Amino acid sequence: KNQVEQSPQSLIILERKNCTLQCNYTVSPFSNLRWYKQDTGRGPVSLTIMTFSENTKSNGRYTATLDADTKQSSLHITASQLSDSASYICVVSANDMRFGAGTRLTVKP
Amino acid sequence: NAGVTQTPKFQVLKTGQSMTLQCAQDMNHEYMSWYRQDPGMGLRLIHYSVGAGITDQGEVPNGYNVSRSTTEDFPLRLLSAAPSQTSVYFCASSYSSQAKFSGNTIYFGEGSWLTVV
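Those sequence lines, one after another, are chains A and B. For the first sequence, our numbering assigns the number 1 to the initial residue and increments by one for each residue that follows. For the second sequence, our numbering assigns the number 1001 to the initial residue and increments by one for each residue that follows.
Think of the hints as simulated: they come from the structure by calculation, not from any bench. A portion of the hints provided could be inaccurate.
What follows is a list of derived Cβ distance ranges for each label pair [to be verified]:
{"hint": "1", "chain 1": "B", "residue 1": "T1105", "chain 2": "A", "residue 2": "S83", "range": "17 to 23 Å"}
{"hint": "2", "chain 1": "B", "residue 1": "S1084", "chain 2": "A", "residue 2": "P29", "range": "31 to 37 Å"}
{"hint": "3", "chain 1": "B", "residue 1": "T1007", "chain 2": "A", "residue 2": "Q3", "range": "31 to 37 Å"}
{"hint": "4", "chain 1": "B", "residue 1": "V1088", "chain 2": "A", "residue 2": "A79", "range": "26 to 32 Å"}
{"hint": "5", "chain 1": "B", "residue 1": "G1053", "chain 2": "A", "residue 2": "T20", "range": "18 to 24 Å"}
Computed from a prediction, not measured in an experiment: that's the story for all the values here. Using N, Cα and C, we set each Cβ at its ideal position, and we do this for glycine too.
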């Protein structure tokens, strides 16, 4: 079983709508949690990095939250744009880095 | 500043052939690594390096070889390609060898699509 589970596996939303992606992990001991955006055919690009003591971090229209007690994180995208269509990957670091399989987001006009 | 550069972008190999995926970074990063990305799975670490002359195995090292003769370059060699090595390969780098622990951003290359027939 993967130590980093992301949900949903895929999501379709309309342009200008908000959405929230989930990341649950069992990785321990926890060091930091990262969210990456991966456009089709491209490499992952960092969105946010959060350590144990941080429970929210924003990067423009992207806001990540972290609950280290329940081992859950979410990535909220506000006022989605067509360019937000991509895979979003959650990465949790402990003794090594564990990658989630990603959520495939499609934003339609 | 090109970041992390990978070549080739696409490659088709026959079973048993060998090849090298090239990776170079121009950010003077200490830490470099190779991952493979397969459908429905998270990226998995193949090999990594914390500095010139130092390499170590990751989660899925079998069938791959690496070397780090310079800070800039970290090539990945497939010794005898197998269909199970059909995948997308990503090279990544970070300033600190403690990237997994620290808040240092990890930069990824654009990927190399490898098909073994």
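Verification of the hints:
{"no.": "1", "hint": "B:T1105 - A:S83: 17 to 23 Å", "verdict": "holds, 21 Å"}
{"no.": "2", "hint": "B:S1084 - A:P29: 31 to 37 Å", "verdict": "holds, 33 Å"}
{"no.": "3", "hint": "B:T1007 - A:Q3: 31 to 37 Å", "verdict": "holds, 32 Å"}
{"no.": "4", "hint": "B:V1088 - A:A79: 26 to 32 Å", "verdict": "holds, 31 Å"}
{"no.": "5", "hint": "B:G1053 - A:T20: 18 to 24 Å", "verdict": "violated, 45 Å"}
In summary, the one numbered hint that this structure violates is 5.
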